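Protein chains in written order, with our numbering: chain A, 1 to 541; chain G, 1 to 291; chain V, 1 to 324.
Among the clues, some could well be false.
Unchecked claim - Below, computed lysine-lysine pairings styled on BS3-like, alpha-carbon distance capped at 25 Å:
| hint | chain 1 | residue 1 | chain 2 | residue 2 |
| --- | --- | --- | --- | --- |
| 1 | A | Lys132 | V | Lys81 |
| 2 | A | Lys538 | V | Lys171 |
| 3 | V | Lys171 | A | Lys271 |
Don't read these hints as lab results, they were simulated from the structure.
It should be emphasised that the depicted structure is a prediction, and the values quoted were computed from it without experimental measurement.
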Amino acid sequence: MRFCMVLILMLVLLGGCRKSEENSSAAAPGPESLEPVKGDTLLMGSIGDASNLLPVLASDASSSDINGLVYNGLVRYDKELKFEGELAESWEISEDNLTFTFHLRKGVKWHDGAPFTSADVLFTYELLIDPKTPTAYAERYLQVASAEAPDPYTFVVRYEKPLASALISWGFAVHPRHLLEGVEITQSPLSRSPVGTGPYRFAQWLPGEKVVLESNPDYFEGEPNLRRIVYRIIPDESTMFLELKAGGLDYMGLSPLQFDRMSDSESFRKKFNKYRYPAFAYTYLGYNLRNPLFEDRRVRQALGHAIDKQELIEGVLLGLGQEATGPYKPGTWSHNPDVKRYAFDPVKAKALLAEAGWVDTDDDGLLDKDGRPFAFTIVTNQGNDQRIKTGEIIQIRLKDIGIEVKLRVIEWASFLKEFINPGNFEATILGWTVPIDPDGYNVWHSSKTGPGELNFVGFANAEVDELLEKGRRSLDLEQRRAYYYRFQEILAEEQPYNFLYVPETLPVVSSRFRGIEVAPAGIMHNLIDWYVPLGLQKYAR
Amino acid sequence: MPDPYNTMTEMAASGGGNQFWTALRRNRMAMAGAAIVAFMSLLALLAPVLGQSPEYIDVSLQLSAPNAQHWFGTDDLGRDVLARILYGARISLLVGFVAVGIATLIGIVLGALAGYYGGIVDGLIMRFVDIMLCFPSFFLILAVIAFLEPSIWNIMVIIGLTGWMGVARLVRAEFLSLREREFVQAVRVIGASDARIIFRHLLPNALSPVLVSATLGVGGAILTESALSFLGIGVQPPTPSWGNMLIVGKQTLGEAWWLSVFPGFAILITVLGYNLLGEGIRDALDPRLKD
Amino acid sequence: MLRFLIRRLLMMIPLMLGITLISFVVIHLAPGEPTDMQTQLNPETGVELRERLRAQYDLDKPLLVQYGSWLGRLVQLDFGKSFSQDHRPVGEKVLERLPITIGINLLSIAVILLVSVPIGILSATKQNSGFDRLTTVFVFIGFATPSFWLALLLMDVLGVRLGVLPISGIKSMGHEYLGPLEQWLDTLRHLILPVFVSAFGGVAGFSRYMRSNMLEVVRQDYILTARAKGLGERAVIYRHALRNALLPVITILGLSVPGLIGGSVIFETIFAIPGMGKLFYDGVMMRDYPLIMGILVIGAFLTLVGNLLADLGYALADPRIRNA
Chain A
1 MRFCMVLILM LVLLGGCRKS EENSSAAAPG PESLEPVKGD TLLMGSIGDA
51 SNLLPVLASD ASSSDINGLV YNGLVRYDKE LKFEGELAES WEISEDNLTF
101 TFHLRKGVKW HDGAPFTSAD VLFTYELLID PKTPTAYAER YLQVASAEAP
151 DPYTFVVRYE KPLASALISW GFAVHPRHLL EGVEITQSPL SRSPVGTGPY
201 RFAQWLPGEK VVLESNPDYF EGEPNLRRIV YRIIPDESTM FLELKAGGLD
251 YMGLSPLQFD RMSDSESFRK KFNKYRYPAF AYTYLGYNLR NPLFEDRRVR
301 QALGHAIDKQ ELIEGVLLGL GQEATGPYKP GTWSHNPDVK RYAFDPVKAK
351 ALLAEAGWVD TDDDGLLDKD GRPFAFTIVT NQGNDQRIKT GEIIQIRLKD
401 IGIEVKLRVI EWASFLKEFI NPGNFEATIL GWTVPIDPDG YNVWHSSKTG
451 PGELNFVGFA NAEVDELLEK GRRSLDLEQR RAYYYRFQEI LAEEQPYNFL
501 YVPETLPVVS SRFRGIEVAP AGIMHNLIDW YVPLGLQKYA R
Chain G
1 MPDPYNTMTE MAASGGGNQF WTALRRNRMA MAGAAIVAFM SLLALLAPVL
51 GQSPEYIDVS LQLSAPNAQH WFGTDDLGRD VLARILYGAR ISLLVGFVAV
101 GIATLIGIVL GALAGYYGGI VDGLIMRFVD IMLCFPSFFL ILAVIAFLEP
151 SIWNIMVIIG LTGWMGVARL VRAEFLSLRE REFVQAVRVI GASDARIIFR
201 HLLPNALSPV LVSATLGVGG AILTESALSF LGIGVQPPTP SWGNMLIVGK
251 QTLGEAWWLS VFPGFAILIT VLGYNLLGEG IRDALDPRLK D
Chain V
1 MLRFLIRRLL MMIPLMLGIT LISFVVIHLA PGEPTDMQTQ LNPETGVELR
51 ERLRAQYDLD KPLLVQYGSW LGRLVQLDFG KSFSQDHRPV GEKVLERLPI
101 TIGINLLSIA VILLVSVPIG ILSATKQNSG FDRLTTVFVF IGFATPSFWL
151 ALLLMDVLGV RLGVLPISGI KSMGHEYLGP LEQWLDTLRH LILPVFVSAF
201 GGVAGFSRYM RSNMLEVVRQ DYILTARAKG LGERAVIYRH ALRNALLPVI
251 TILGLSVPGL IGGSVIFETI FAIPGMGKLF YDGVMMRDYP LIMGILVIGA
301 FLTLVGNLLA DLGYALADPR IRNA
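My request is simple: use the sequences and hints to build the entire structure.
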């Protein structure tokens, strides 16, 4: 048939083209200066468009990335994840841990030239707690008893009870009072063209297309080297990868497949540097503890033994991840590495299940108890491939020990509204991002099990409640570490979640960028120091 | 299962007789199409006999190129691609048939009623068509998937329920001009019933554009499923469909060619087969085309 | 004719009311709420924020009251403000995406017509010839290829391996520094792949309709008459047959009017084009009710106008229907 010939021709063409790739790849190594120089543009790929460039109104990742470069907070985490001052030069915490006094940097200017003062900080605080502001961040600031700005460079807050995450909450972007006061916040033009104090100034936003930032020559830490940062919005990850290979992007986050299998060629390695480090996130299988099926701890422990986490890491992440044992990132101060682990052991899993009364009495290959077979449904959300694959593997492994698992993949909005919020599920595969402060009160405290709250698996443990209370009210690191270590031991024993894996963040950056430094905080912490040697600069304007 | 081709060929046979089959058999492209359709259906039927398990996971084998063990290679979880293509054929073919069957039946009935009776009936039906056309079918699909489970049956039904308007308009347009023709006037004078006029005299003559649209429709439904898979709202894993297999292929484009080439070609060839067959039927059905 | 027109225009009012009411109810009944999307699974959010947002968006009022106030604004051509985090007017969000969507759609319809009308005519006049068969298979391959797959293959070959065409987006970096003519050329270069891929899929439908209409028409009595009169084959085909064969194409064209602003989310996602399809898809996914309603209303209006135009065109071309 004729179309076969057309297809064969197409294949020949494809094959022919593959060869030409190797010839065209050589990036000429130009004369390099070792001194960082100014200039050039960094093109970053972003899956989604930003939604709002007023940080108080935005909660999506794209907006946060951009806002992080445009605005500053009073404090921030440094590359080692320790506190350092940003707009605050220094700060004091009173003996009783209730009063925080920030001494602000002098001479800082907003991008429009107006001076930055403590009035801006006070205004930001008032904005956050204003009931008319539709912000996702009010909760922590509602715990503030009083805030004042006694002089232009001092800002004082008082709390009624000590709050461990109080300090980092002042890392929130400070908004310009002189542009926002008296304006209805949702109608402010600043949400489309922000004015901050940060290293990059807003230049242009073409919705759905790109956001352009330009270096701030007056930045208080010095003008950044890269003259321009462009976020290109490319919603499809395959397109983004092609765009990267064609030179239309300098930076993107790779998928494990792209990292492990699709970026191994000589030419790719010449043009790009790949980085990998554990993400601040983990994926878990959460059991609805209100369901009689998962009431017995032995059953949850058995499921822990029945699922091969290593297989998940190989299959889903191609080895680019590590086992999770609890809700914290391995290697951070709050992470307890010595909690009980559940080795992959189907025999032990079956024994534990038998102990709990689940045996295959009718030889249909399925475990049963009181005439009811062991079967349940795992729900997860659409659009997250890794979670779906995780579910597929778990389904097969549990089938091996006689448990029938159905997998339901549901569109995000209805997933939340119909399944997670009302607690209407048996088990779910989801992920959490791990905040740097270990306060897990909202996710694990028994008071947070109501509809729409985050402890949707219904975990309730008196000791954990107490540990979480103490943990969030103490500012002593050693003390907190002890609380959270114990908290992790209990979680590991109780298995309300099967903590599955911690994936890796897999950024790739064009090799013309220098000065990149991998640290516990990732690679973006010193973006203002990145540079391109003169001979390699690609964009003159 | 409603099968548009059976319905149509029966109707045609009642008018045209055996000439239809002779004409069809003489059409080489139609026969090629029929061969493809038959072959794919056979594969789908025999999937459990021919293939390995489509759901068996062996991570150590992930992304292996085609080899003696796995003729079409393995996917990102080490599952046999051939087996998944075979089982996927069941899903994809079923989606095509059921969706188009529903769409064509509704379209023909409403279009015929509107075109034949005209007046108020026509006005009401066409306004209904207008309303339906005003909803992007994708929106309806999404609404249904949100309400119900994104199961394969719901996907088929909703593709069908949102795809009949074009058929209805085509049938109506044909009827509008056909009913003014001399032969219809003649039958009416003889005193034939409305039903008889519609089904015996008008419909067979109005079918050709419907057939073209139905054949394109079977392929269209298979493609719609793959498009829904692209958005993550098609047939859901672990059930293999050609659409969701192709998505894995897309993610590994340039690395694991077998993951995009095999499901891609399965879709391409099957859709092509349906269209060639449908074209052939159209030519064979049309009494005026016999030279 | 004028009465027909006025009657149809008046009919559009109750139709629009019906359509908007149905859509309004359907999208509000669909599971999930915009507030869930903004507050959920965010460890820092309290439950009270959701209630606050619900009140701000009037979601705590009865459905019909919400519909009433929405309709009240719509009459003043105010589509309301988006429920997404940017809180922008819906009209503004739609307007900034319309030009590119309409532009691409017009281009691809033009390409489709330019290619498929000649193909349809030629394969009808040379039925069962080699040309007929070849084009049949070719246009069906175009139809049968999943578009996102084809798009990625072409992007890989032409964009990455050969480097002759841009991969995604509608403008190059530094577009703003180019001269006006270069800007046009730059955008045009970006549009080649998207327009080609969307046209490739659409040629099949049009050319097949064209062919089958043509086949039918050339066997009609009046064509026989024309031939019998001794008219040349060209004159018969192009003066008499073509006009009638184009009739159903008018219907199809009328049907594609709402498609002009509809856009395709898949295309726009793959090619990173900020168009209407992606806007609508994201709106549905985020349960951005005012945005969904706004786009549905505009789409519904254009659909009705398109249908009207199709019927008018039909009536103009076929006198028999005019009085029906």
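A quick look at each hint next to the structure:
no., hint, in the structure
1, A:Lys132 - V:Lys81, "holds (16 Å)"
2, A:Lys538 - V:Lys171, "holds (17 Å)"
3, V:Lys171 - A:Lys271, "holds (23 Å)"
Consistency note: the structure conflicts with none of the earlier hints.
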